[in-house]
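Asker: Residues per chain are reported as follows:
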Amino acid sequence: MAYSKKVVDKFENTLENPQAFNVGRFDPKEENVGTGMVGAPACGDVMKLQIKCEPKGNTHIIKDVKFKTYGCGSAIASSSELVEMLIGKTLEEAKEIKNKEIVDALELPPIKIHCSVLAEDSIKQAIEDYESKQ
Amino acid sequence: MSTQSTIYLDYASTTPVDPRVASKMMQYLTPDGEFGNPASRSHRYGWKADDAVEEARSHVANLVNCDPREIVWTSGATEADNLAIKGVARFYKSKGNHIITSKIEHKAVLDPCRQLEREGYEVTYLDPNEGGVITAEAIKNAMQENTILVSVMHINNELGTLNNLEEIGKITREAGAFFHVDAAQSTGKVDIDLSKLPVDLMSFSAHKTYGPKGIGALFVRRKPRVRIEALIHGGGHERGMRSGTLPTHQIVGMGEAFKIAKEEMESDHLKIKAYHEQFLKEAMKIEHAYINGDLDNKVPNILNISFNFVEGESLIMGLKDIAVSSGSACTSASLEPSYVLRALGRKDELAHSSIRFSFGRFTSDEDIKNTLSILNKVVDRLRELSPLWEMHLDGIDLDTVKWNTH
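First to last, the protein sequences are chains A and B.
Quick note on our numbering: the first sequence kicks off at 2 and runs consecutively.
Quick note on our numbering: the second sequence kicks off at 29 and runs consecutively.
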């Protein structure tokens, strides 16, 4: 397997210590929670990302994030990597995150780039869900 | 981490060379050994090497109860499959151009069949039943006037399921078609008696049976005679069926490995059967674990299990101290889940979740115990990470969910 040490470490750390790596769930019905779920079991990966935000000035800031991912090692590592990028960002900043940043951070092999695309989609969807509630 | 600290449960992929085999092979390489060319007729170096090759041929023939003159050395089972399928199809082209095989064959059978399709042959790819077995009835129904060859594997490499060669062979004999069997997974695992089996060609591999990689053999029946067109020309070795200088040390290795397989098949089997039972009992305590392939009709050295709601590649990565294979798409370059599991009619997500454990001669009690304990832990952790598991616990039927496919 052509995984970088970064993918392997990220995956193993997340698996060893899920709480510390923001694995978990928020109640999706709460008003300050946005949920995004992308992928399909038949394709081999499903990512669920939830953001908890609060208003700050004329925007909203991401206070906390939870995720769960079904998928290959790089899908799990990609979600975990994304989660770290999100905390403390405004929604505008979070929307700007591109899959390329995850690819670079984890040195994903070309065949696994779709995992980072999925991660990007999951945050977009979570923000959409959050904004629709405001 | 050295590979030695990793538990090896991937014997169906390859086996280590038995140390007894390796030490025998060493005697046929160096200046003080019998390094001669078996085709050299003019000096003792050649004669000695030729003797060793012929002795090895007898060991191979002896394991499967055929005449040594029916054994043709090849570079492995892949070449043997190619030689059998293309060899028969091309030689008997005037008799017909239809071939029957199955969807769960190894690529070494499927790809030569695809090639023959490009050359104008017609190929029928049969579905297995839900237990992973190709039935004689399915073969019978697929038979045509112009069928010249049926190629069906003995033991499926992913599932360990067994096909009934006797019944299939009866059908092919009645229909006047040749019957080729890929038996790469069979040697040393189950009895094969070619003096009784209605099989015309059979492929063997050394490295699945504690011999070296890079050597295999094709059984080509003499009575009733089967003829094949060679794939490799140059020198007329192996009665013209496979040219090229014989690799004495490899052949000696295969011979020794098959000799040991004959002597130790029963003790190997008893040990592995006990491991299989223990493993099965414990692994099935894990919720939503499913066996792939018919448990009542399989060899004990291969055990294929799907752990639902967990993806296979992540499971393999989680099982980092255990060497196993997965039917998951993500472990393959194609991103397609196992075609064998899909052919069984398994849902894609179960194909993605499958792990093949395969046990062997050097598996220990400790290996089994440690694997089971790690497996339990890792499946639990990955499920904690899995949104599908969460939905399942919430009572959501995943089949009714509308997914955002990408």
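Among the clues, some could well be false.
Unchecked claim - Distance condition first, Cα-Cα at most 16 Å in a straight line; then the derived EDC-like pairs of lysine to aspartate or glutamate:
hint, chain 1, residue 1, chain 2, residue 2
1, B, K348, B, D38
2, B, K405, A, E17
3, A, K7, A, D105
4, B, K348, A, E13
5, B, K375, B, E418
6, A, K67, B, D221
7, A, K125, A, D105
8, A, K96, A, E121
9, B, K405, A, E32
10, B, K348, A, D10
11, B, K290, B, D221
12, A, K30, B, E394
13, A, K30, A, D10
14, A, K7, A, E85
15, A, K57, A, E94
16, A, K67, B, D38
17, A, K134, A, D10
18, B, K348, A, E17
19, A, K30, A, E121
To be clear, the hints were calculated from the coordinates, so they are not data collected in a lab.
Every value quoted in this text rests on a predicted model; they were computed, and no experiment measured them.
Asker: Against each hint, give a clear statement of whether it holds in the structure.
Answerer: Against the structure, the hints come out as follows:
Distance check on the hinted pair: B/K348 and B/D38 sit about 13 Å apart at the alpha-carbon level, within 16 Å; holds. The hinted pair formed by B/K405 and A/E17 meets the criterion: a straight-line CA distance of about 10 Å does not exceed 16 Å. A C-alpha spacing of about 10 Å is found between A/K7 and A/D105, which places the hinted pair at or below 16 Å, so the restraint holds. Of the supplied pair hints, the one linking B/K348 and A/E13 holds, its CA atoms being roughly 9 Å apart against a limit of 16 Å.
The straight-line distance between the Cα atoms of B/K375 and B/E418 is roughly 19 Å, outside the 16 Å bound, and the hint therefore fails. Pair hint A/K67 plus B/D221 does not hold up; C-alpha atoms about 60 Å apart against a cutoff of 16 Å. At most 16 Å may separate the alpha-carbon atoms for a hinted pair to count; A/K125 and A/D105 exceed this at roughly 19 Å. Distance hint between A/K96 and A/E121 is fulfilled; the C-alpha atoms sit about 9 Å from each other, no more than 16 Å.
Of the supplied pair hints, the one linking B/K405 and A/E32 is violated, its CA atoms being roughly 35 Å apart against a limit of 16 Å. With a C-alpha separation of about 12 Å, the suggested pairing of B/K348 with A/D10 holds against the 16 Å cut-off. Proposed proximity of B/K290 and B/D221 is supported: the alpha carbons are some 12 Å apart, at most 16 Å. About 48 Å separates the Cα atoms of A/K30 and B/E394, which puts this hinted pair outside 16 Å; it is violated.
Straight-line distance between C-alpha atoms of A/K30 and A/D10 comes to about 34 Å, which puts the hinted pair past the 16 Å bound. Distance hint between A/K7 and A/E85 is fulfilled; the C-alpha atoms sit about 14 Å from each other, no more than 16 Å. Of the pairs offered as hints, the one joining A/K57 and A/E94 holds, with about 13 Å between alpha carbons and a cut-off of 16 Å not exceeded. For the hint pairing A/K67 with B/D38, the CA-to-CA distance comes to about 36 Å; that exceeds 16 Å, so the pair is violated.
Proximity of A/K134 to A/D10 is assessed by CA-CA distance (about 36 Å); at most 16 Å being required, the pair is judged violated. Between B/K348 and A/E17 the alpha-carbon distance is near 13 Å, which keeps this suggested pair within the 16 Å criterion. Restraint check for A/K30 and A/E121: not satisfied, since their Cα atoms lie roughly 23 Å apart, outside the 16 Å limit.
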